[in-house]
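These protein sequence lines are chains A and B, in that order.
Just so we're aligned: the first sequence equals residues 1 to 162 in full-length UniProt numbering.
Just so we're aligned: the second sequence equals residues 1 to 162 in full-length UniProt numbering.
These are calculated hints, taken from the structure and not from any lab test.
Where a beta carbon is used, it is the ideal one built from N, C-alpha and C, also for glycine.
Misleading hints may appear alongside valid ones.
[As the list claims (entries may be wrong)] If you only want the chain B side, here are some residues facing chain A, beta carbon under 8 angstroms, derived: (1) 43; (2) 45; (3) 54; (4) 58; (5) 64; (6) 68; (7) 123; (8) 125; (9) 126; (10) 134; (11) 137; (12) 139; (13) 141; (14) 142.
Protein chains: 2
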Amino acid sequence: METSEQHRPPAMSAIIRLADKRDVPHIHRLIHQMAVFERLTHLFSATESSLAATLFPSSSPPPPFRSFTVLILELSPSPSPDLNPSFSPIVREVDLKSPISDPDAEAFASAGGGDGVVVGFVLCFPNYSSFLAKPGLYIEDIFVREPYRRRGLGRMLLSAVA
Amino acid sequence: METSEQHRPPAMSAIIRLADKRDVPHIHRLIHQMAVFERLTHLFSATESSLAATLFPSSSPPPPFRSFTVLILELSPSPSPDLNPSFSPIVREVDLKSPISDPDAEAFASAGGGDGVVVGFVLCFPNYSSFLAKPGLYIEDIFVREPYRRRGLGRMLLSAVA
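Could you put together the complete structure from these sequences and hints?
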C-alpha cells in the first residue's frame, strides 16, 4: 500500500483561485519547472522576492485581469472557501481516473492551509486592440505539474481565462 | 499671410499628458488615421463609445501603466498645467524649424481647453516576463499626425513610455 502523500484518491475537487503573496514560493517553483520543461533555465532569473515585488505590489493592486494576474490550480478532497472578494474561485469535481503519485506533494501543499495541493497555474495580462476597441488577455504562462497531466486540468485552467 | 490656424509658429511647447474620457473623439480620429496610414481600414471597427467604455471604464480605473494607457501629445504656444495626480505631464520646448500647415487643427483642438492642438498619441499596456520577474510595456500604437512628422515628436512619445 502507498501512503496518501504519494497517492491521491481519484475523486477530487479542482479549485482555481486568485493567487496572493503567500503563493509566491509555489509560483516560483512552478515557473522554474516550466523553464526546465522548456529547456530554458539559462533564461530563468526570477527570485521569490522579485516575483513578490512585481506580481503583488503592496500599493493599490488592480483588480484581476486588469493587470498581471496569476490563478492557482489546486486539487483538494475537501476544498475550503476562498474569501477573496475580487475573484470567485472556480470549483469542479474531477475524476482523476487513476491514483496519482506526486513526490512533490509536500512542497506544493496549499499556502492557504487545508489539504489542497498546488498542481498548476496560469499567468496572464491584458492586451488591447485599438482597431476593434476590444480588450483581450494574453496568456504568458500555463502549466500543470508533470504527475497531473493528461487529465483535463490544463483545459480547465485555459477556460478560466479564455 | 496665412492665418494662425494654418501656420503655427516654430517655437512651441510639446506636452505629453494622460488621456481621459474627453479625449475619446480625438483618440478615435487618430486611430482611424493610423488605420488609413496602414491601409487597414477594413479591420477598423472602433467607435467613440466602444473606445470610451473599454479605455476609460468608470469603475476603479487602474493607475497609468498598470492597464491600458493612452498618452496624448499636444503642441501649444502656452501649455496649461495638467492637474491629473497620477501622471505628471512631460513638457518640452520644441523648435519646429518651419511653420506647419495643419488643415485639421480645429478638429484636433485640445479637449482640455486652452490653445493646444492634439498631434499624436501612444497606446500601451503592461506585459510581464515570468522568467525574469520583470514587468514591461507593450506599445500597441504610436502615431503622429502627418503635418507634424519628422520633427522628433514620435521619439518624444516613445521616450515617454520606454
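Verification of the supplied hints:
1. The restraint placing residue 43 of chain B at the interface with chain A holds, with a minimum CB-CB distance near 5 angstroms, inside the 8 angstroms limit.
2. At its closest, the beta carbon of residue 45 of chain B sits 6 angstroms from a beta carbon of chain A; the interface hint therefore holds under the 8 angstroms criterion.
3. Interface restraint check: residue 54 of chain B against chain A, minimum CB-CB distance 5 angstroms, threshold 8 angstroms, status holds.
4. Evaluation of the residue 58 of chain B hint against chain A yields a violated restraint, the C-beta minimum of about 14 angstroms exceeding 8 angstroms.
5. The closest approach between the C-beta of residue 64 of chain B and any C-beta of chain A is roughly 11 angstroms, which is over the 8 angstroms cut-off, so the hint fails.
6. The restraint placing residue 68 of chain B at the interface with chain A holds, with a minimum CB-CB distance near 5 angstroms, inside the 8 angstroms limit.
7. A distance limit of 8 angstroms between C-beta atoms decides the matter here; for residue 123 of chain B the minimum to chain A is near 6 angstroms, and the interface restraint holds.
8. Nearest Cβ of chain A to the Cβ of residue 125 of chain B: about 6 angstroms, under the 8 angstroms cut. The hint holds.
9. A least Cβ separation of about 6 angstroms between residue 126 of chain B and chain A falls short of the 8 angstroms threshold, and the interface hint therefore holds.
10. Evaluation of the residue 134 of chain B hint against chain A yields a held restraint, the C-beta minimum of about 7 angstroms falling below 8 angstroms.
11. The beta carbon of residue 137 of chain B is not positioned within 8 angstroms of any beta carbon in chain A (closest approach about 11 angstroms), and the interface hint is therefore violated.
12. Given the 8 angstroms rule on beta carbons, the hint for residue 139 of chain B is violated: about 11 angstroms separates it from the nearest Cβ of chain A.
13. For residue 141 of chain B, the interface hint holds, the least distance from its beta-carbon to any beta-carbon of chain A being 5 angstroms, beneath 8 angstroms.
14. For residue 142 of chain B, the interface hint is violated, the least distance from its beta-carbon to any beta-carbon of chain A being 11 angstroms, above 8 angstroms.
Taken one by one, the earlier hints fail for this structure at numbers 4, 5, 11, 12, 14, listed in ascending order.
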